[in-house]
Amino acid sequence: MEEQEHAHPRYILIWVILLVLTLAEVGYAFLDLPKIVLASGLIFMALWKALLVAMYYMHLRYEPRRMWVLAASPLPFAIILVLAVITEF
Amino acid sequence: MSNAAVATMDRKPMPGMKVYNKKLGMWVFLLSEVMFFTSLIGSYIILRFAHPDHWTDPGVVLNVPLTALNTFFLICSSVTMVKAFAAIQEGDQKGLKNWLLATILIGATFVGIQGIEYAALSAEGFVPALDAYHAVGRGNPHEGPSLGGPLYGATFYAMTGFHGAHVSIGVLCLIFVYIQALRGVYTVADFEGVEIIGLYWHFVDLVWILLFTIVYLI
Amino acid sequence: MSTTTAPETHAGHAEAHHELGFIRTYIFSTDHKMIARQFLFTSLLFLLVGGTLASMVRWQLGFPGQPMPLGGGLPDTMAPGGIILPEFYNSLVTMHATFMVFFALMPLQAGVFGNLLIPLQIGAEDMAFPRINMVSFWILPVAGIIMLASFFVEGGAAGAGWTSYAPLSASGEWTGVYMGQILWLTSLAVLGFSSILGALNYVTTVINMRAPGMTWFRIPLATWSLFVTAWLLLLAIPILTGGAILLLFDQTIGTAFFRPEGSGEPLLWQHIFWFFGHPEVYILILPAMGFTSEVIACRSRKPIFGYHSMVIAMVAIGFLGWIVWGHHMFQSGMNPLLGMTFMATTVVIAVPSAIKTFNWMGTLWRGNIHFDTPLLHAIAFVSLFIIGGLSGIFMAVAPVDIYIHDTYFIVAHLHYVLVGGSLFGIFAGITFWYPKMFGRMMNEGLGKVHFVLSFIFYNMAFFPMHNLGVQGMMRRIYDPNQYEYLQGLQPTNTFISISVFLFAATQVIFAFNFLWSLRAGKEAGRNPWKSNTLLWATPSPPPHGNFPEMPIVNRGPYEYSHPDAEEDFWPQDAPPATSGSGGQPAASPTPEPVPGD
Numbered sequence: 002m003e004e005q006e007h008a009h010p011r012y013i014l015i016w017v018i019l020l021v022l023t024l025a026e027v028g029y030a031f032l033d034l035p036k037i038v039l040a041s042g043l044i045f046m047a048l049w050k051a052l053l054v055a056m057y058y059m060h061l062r063y064e065p066r067r068m069w070v071l072a073a074s075p076l077p078f079a080i081i082l083v084l085a086v087i088t089e090f
Numbered sequence: 032m033s034n035a036a037v038a039t040m041d042r043k044p045m046p047g048m049k050v051y052n053k054k055l056g057m058w059v060f061l062l063s064e065v066m067f068f069t070s071l072i073g074s075y076i077i078l079r080f081a082h083p084d085h086w087t088d089p090g091v092v093l094n095v096p097l098t099a100l101n102t103f104f105l106i107c108s109s110v111t112m113v114k115a116f117a118a119i120q121e122g123d124q125k126g127l128k129n130w131l132l133a134t135i136l137i138g139a140t141f142v143g144i145q146g147i148e149y150a151a152l153s154a155e156g157f158v159p160a161l162d163a164y165h166a167v168g169r170g171n172p173h174e175g176p177s178l179g180g181p182l183y184g185a186t187f188y189a190m191t192g193f194h195g196a197h198v199s200i201g202v203l204c205l206i207f208v209y210i211q212a213l214r215g216v217y218t219v220a221d222f223e224g225v226e227i228i229g230l231y232w233h234f235v236d237l238v239w240i241l242l243f244t245i246v247y248l249i
Numbered sequence: 027m028s029t030t031t032a033p034e035t036h037a038g039h040a041e042a043h044h045e046l047g048f049i050r051t052y053i054f055s056t057d058h059k060m061i062a063r064q065f066l067f068t069s070l071l072f073l074l075v076g077g078t079l080a081s082m083v084r085w086q087l088g089f090p091g092q093p094m095p096l097g098g099g100l101p102d103t104m105a106p107g108g109i110i111l112p113e114f115y116n117s118l119v120t121m122h123a124t125f126m127v128f129f130a131l132m133p134l135q136a137g138v139f140g141n142l143l144i145p146l147q148i149g150a151e152d153m154a155f156p157r158i159n160m161v162s163f164w165i166l167p168v169a170g171i172i173m174l175a176s177f178f179v180e181g182g183a184a185g186a187g188w189t190s191y192a193p194l195s196a197s198g199e200w201t202g203v204y205m206g207q208i209l210w211l212t213s214l215a216v217l218g219f220s221s222i223l224g225a226l227n228y229v230t231t232v233i234n235m236r237a238p239g240m241t242w243f244r245i246p247l248a249t250w251s252l253f254v255t256a257w258l259l260l261l262a263i264p265i266l267t268g269g270a271i272l273l274l275f276d277q278t279i280g281t282a283f284f285r286p287e288g289s290g291e292p293l294l295w296q297h298i299f300w301f302f303g304h305p306e307v308y309i310l311i312l313p314a315m316g317f318t319s320e321v322i323a324c325r326s327r328k329p330i331f332g333y334h335s336m337v338i339a340m341v342a343i344g345f346l347g348w349i350v351w352g353h354h355m356f357q358s359g360m361n362p363l364l365g366m367t368f369m370a371t372t373v374v375i376a377v378p379s380a381i382k383t384f385n386w387m388g389t390l391w392r393g394n395i396h397f398d399t400p401l402l403h404a405i406a407f408v409s410l411f412i413i414g415g416l417s418g419i420f421m422a423v424a425p426v427d428i429y430i431h432d433t434y435f436i437v438a439h440l441h442y443v444l445v446g447g448s449l450f451g452i453f454a455g456i457t458f459w460y461p462k463m464f465g466r467m468m469n470e471g472l473g474k475v476h477f478v479l480s481f482i483f484y485n486m487a488f489f490p491m492h493n494l495g496v497q498g499m500m501r502r503i504y505d506p507n508q509y510e511y512l513q514g515l516q517p518t519n520t521f522i523s524i525s526v527f528l529f530a531a532t533q534v535i536f537a538f539n540f541l542w543s544l545r546a547g548k549e550a551g552r553n554p555w556k557s558n559t560l561l562w563a564t565p566s567p568p569p570h571g572n573f574p575e576m577p578i579v580n581r582g583p584y585e586y587s588h589p590d591a592e593e594d595f596w597p598q599d600a601p602p603a604t605s606g607s608g609g610q611p612a613a614s615p616t617p618e619p620v621p622g623d
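Residue numbers (the working numbering), protein chains in the order written: chain A, 2 to 90; chain B, 32 to 249; chain C, 27 to 623.
Since the hints were derived computationally from the structure, they do not count as laboratory data.
You can trust all of the hints, since none of them are fake.
If the Cβ cut is set under 8 Å, some of the chain A residues that face chain B in the computed set are:
{"hint": "1", "residue": "V54"}
{"hint": "2", "residue": "A55"}
{"hint": "3", "residue": "M59"}
{"hint": "4", "residue": "A72"}
Below, a sample of chain A positions facing chain C; criterion: calculated Cβ distance under 10 Å:
{"hint": "5", "residue": "S74"}
{"hint": "6", "residue": "P77"}
{"hint": "7", "residue": "L82"}
{"hint": "8", "residue": "A85"}
{"hint": "9", "residue": "V86"}
{"hint": "10", "residue": "T88"}
{"hint": "11", "residue": "E89"}
{"hint": "12", "residue": "F90"}
Note that CB positions come from ideal geometry on N, CA and C, so glycine has one too.
Isolated chain A, as found in the complex (with noise of 0.2 Å):
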């Protein structure tokens, strides 16, 4: 049974940070910068949402390790896939 006691306000306070990383996110897909700086950034910030998510909502923060590492698993695979396919083009 995991410790839930501070975790309301958690909620609603990962809420306001997944907020704010969207607009965020908004705000700087259209400034005027280089596509890859462009991507790169976004790609990091919907990463660190993402994240939130898991780790709070999913309460993954708050399961065994060993949890941590069956939920990455399938991580590699998919970025072999792609990056490997990549270099086709």
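We have chain A already, so just place chains B and C on it with the hints.
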């Protein structure tokens, strides 16, 4: 160890992942969903590298403000979902029902807005089919050269369409959970069903967070 | 609370289900053992379908242009006057592979033995999600009906190969097949759910429902192999599903993901397909490896040689299998640098398989070997897998592959690993676990005759294919005689075809043995093979709930011929050796006597 000692040993399964079966099962299922979206999103990334001229700058064809609002809605629905979960953890039946209902309504709104978006886009020619593609961009008259190329439309609808399908299935499952909640099935001692639909719902939100960025902002 | 629940008494649980009617017991059962039987009967039927299609292919290659026996019954769109049309031939090779891979080999291993073995070998009362298990089975016949239906639509069944390369598969104007291709993709997309649901069940069950004392390194190798296979299914099948959906869109709503006329990328399909396709072939071989390990250890009365390295090798195969997919694409025009990378990784993946092979041989070495039918099949697995693996090394080297890609050398390789390997491994599994499933032994004499004839005819059929390939005969070809340089190979092709027909005919012996023994086989008793795993601690067949109470595991699964043990086997749940009494353990807690062999 004597036979007597063995006989009194605790006959409980090995600790394993230290989470209950339904939760482990849902997480494992979500991993397969990660790979499913990988094939769709990965195809998009690869096709975009191969034919970048099929895409436009952000906001030219797609409605970023409306979708940003929709993103806000979906994130809100994740909050309402986790509030529902927190409620039943404390045995708050009323909170569980209300927050579940809120999640359902917001989720349905998300799908509705996406449907409206699809209708508007296809009306101006932004469609998945090769021969019919003729996007003219937001706010432009219906004449003019086509912006981007058919891969833009095809990948857009494939990715967001399947995500929308997952949201819709999630809404249906939430309705089922809501009905169960109305019947008092969940208690402070057993709320596995709420937790696992929550996991699915947050996952769907998580995928959208990535999709919104990749499809609308890059 | 919502933690892993302690089991209620299994016996009481079982009694509550006593009153289930016929439908809940035999049709919509949630008992993993019944579901295993359902998978068994259904997939053996699909094996028959696949074999029939293969026989038709071989008729055309062995007796080209001649009317096929019983071929007059086929419609004129397929074989007018019994003579197979080229378009129909394309469908035959496509559908033969499709049925064999997806509807026979996968369900026979993962479906049958995943369901049968996992709960029993780990000491659980059933799978983690019995109702999902039931759904996972029922998807199979539904998908199978869709696939079979595709033969009867206009344009016939899919004809673009089981690999369904775009643009050939994306547009009916090339193959003449329209609806058939759509149904093919639909059927596979539907079937994918069966695999995913089954896989999540297996993973959850193995992780969370092991009996006390069943540590990870006491799990029998059959369950280990199915666990790794389940992970591969879980992560690879969705890739195929996604790709299949995109290809379906190309076929139906006019998108151009893979069609070059719309700036689509045919190579993208190949990458997606093989990214799934390579883990898929490990899905097709790993369980058979697990069965082989069980059978060889048990029938040699020796611990498996190198149990830990066996586990690590399987996990290594599971990981490495994700980074070798490009070796199916060396001749596709892919980036040569990428190709070189795949060549390196492919050569490396031979190592864990070799480790396993040496370990099987090490297990047999100086064992007290009982040459019964399961062991014969297991040894055949090892030897034929070696041949298949060796031919694989040729293909792994990209410059050699330039010459042999898409020839009968490849066909030889894949049939050595899938038939010589997987099918013989499945025969080992069926003959070994049949007594537990049905409470009766299969006939040993018939079993040996079936084995010997199968082994001989199998090698007569497939070994010459290596030579055909090196001589330049391409695969999937309807009429090699259109090329003068291949005309000299016709006698070989005819020889192969006859051997295939004889191999197919031999399977009647197996079918007869299987069906006859259901009623008339010798009663098996609890543990006819004197094996150690928890599965053999139950009655044959086990009751609902499997174990009267959750067993306690005190040792690994391969304590055969242990110096401290009274007999030449030492079940996993037998109590530990009591000290100070010469190390003689008490008898196994389950009281049923083991009948003399």
